[in-house]
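Single-letter residue listing:
There are 2 protein chains.
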Amino acid sequence: MKLYDFKMAPNPQRVNMFLAEKGIEIPTVEINTRERAQFTESFKAVNPISQVPVLELDDGTRISESMAICRYIEDLHPDPALFGGDAKEKALIEMWSRRAEFMGYLSAADMLRNSAPVFEDRGLPGVPGGVPQIAELVERGRNSMARFFALFDDRLGTARFVAGDAFSVADITTFVTVRFAARVEVEPPADCANIARWLGEVESRPSATAV
Amino acid sequence: MKLYDFKMAPNPQRVNMFLAEKGIEIPTVEINTRERAQFTESFKAVNPISQVPVLELDDGTRISESMAICRYIEDLHPDPALFGGDAKEKALIEMWSRRAEFMGYLSAADMLRNSAPVFEDRGLPGVPGGVPQIAELVERGRNSMARFFALFDDRLGTARFVAGDAFSVADITTFVTVRFAARVEVEPPADCANIARWLGEVESRPSATAV
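Quick note, the sequences are listed as chains A and B, same order. Note that the numbering used here gives residue 25 to position 25 of the first sequence, counting from 1, and the numbers run on in steps of one. Note that the numbering used here gives residue 172 to position 172 of the second sequence, counting from 1, and the numbers run on in steps of one.
Only chain A is shown next, with the shape it has when bound in the complex:
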């Protein structure tokens, strides 16, 4: 196996933190998307939509999308279970992962991609011809982040981890989202004591260095 990676980008970081939790190392090929390496013909043969990460199996199969890669790893190395044990646990982890992605991660991405000069004409990822930035998405993203923090602070007031008693892939997506948002200077509000407690706990895990 081989992982097409870009260690400073948040989606690859989700996979890298997941691998660290599993105690697994996979050889990587760094694709520097800041330098447009995802748009070369050779990488488009790996992923036609020019995004990292991609896991390449020994039979040549290429799996893109961070969560598809993590699920594949979970099937091969079930312990510790990061997608849950029984049906209900698995469903709640999926629910919280998706809330973190849709309310949090995508909002932070909207803010960064539609404001940062380095993303000029790159309002969406993976489009070689470019996508104009839309300034109004910055404010919309900021408001979504506020709702995300409120929901997750409330949740973390009644649960140790995002999806329940055990650390899971939902914590990984939430943690990467919090760090990602910090790049556009959006931090959890000062009154989110539960997020602060949880952040301290997640930051103390050795896997946090992947993010």
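One should not assume that every hint holds.
Any copy will do: because identical chains look the same in the list, a pair fits if it lies in one copy or spans two.
List time: in silico DSBU-like cross-link candidates among lysine-lysine, alpha-carbon distance up to 30 Å [said to hold, decoys possible]:
1. Lys44 with Lys7
2. Lys88 with Lys2
3. Lys44 with Lys88
4. Lys7 with Lys88
5. Lys90 with Lys44
6. Lys7 with Lys22
7. Lys90 with Lys22
8. Lys2 with Lys44
9. Lys22 with Lys2
Keep in mind that the hints were calculated from the coordinates and are not lab data. Nothing here was measured: the structure is a model prediction, and the numbers come from that model.
Got chain A sorted already, so can you dock chain B onto it with the hints?
Showing chain B alone in chain A's frame:
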């Protein structure tokens, strides 16, 4: 079990088509989001982010997010497997489902929510105070839909179904996306013969009436 549903909305339709493929019926409670029924206090107790569908279990647990609900159903009723059998199949189904969601479904949603008069001040779902429409998202969405159709037509030239030889949840999300896009008058381009072949096949399944 009980499903909070809204049969004309695309996310509930994914769950309903999934249930039809499994041959399962669950009692439903219709939450008319056109009439803002998702913002009542009683429904906010069911889902704090005011979105349907939600599956309520007999022990009171509430599972929101369409894919979390479908995965729960799959665990309870594994046949026919719609999330795949072995690790590689499962990973490829997850990959194609997510490509359909991020390139297709979210683009169609952007187009509809940021243009239709009925969604005025509802640019994002689940926000009681409202979210202003952003007109530029319509054009961005249209361009993303064109890339979605090109990628999926290419894919369906080499595979019978979206994720391979077998019908899967990736076909459900793709089918709902194509129907959803038609609401904003975006149709697969005439030269997408593979999508047309696949659409005919999916439309002939009894489960298609859920969409």
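Results for each hint:
no.	hint	in the structure
1	Lys44 with Lys7	within (19 Å within a copy, 39 Å between copies)
2	Lys88 with Lys2	between (33 Å within a copy, 15 Å between copies)
3	Lys44 with Lys88	between (38 Å within a copy, 21 Å between copies)
4	Lys7 with Lys88	between (33 Å within a copy, 24 Å between copies)
5	Lys90 with Lys44	between (33 Å within a copy, 23 Å between copies)
6	Lys7 with Lys22	within (18 Å within a copy, 41 Å between copies)
7	Lys90 with Lys22	both (17 Å within a copy, 19 Å between copies)
8	Lys2 with Lys44	within (16 Å within a copy, 44 Å between copies)
9	Lys22 with Lys2	within (16 Å within a copy, 36 Å between copies)
No hint from the list above goes unmet by this structure.
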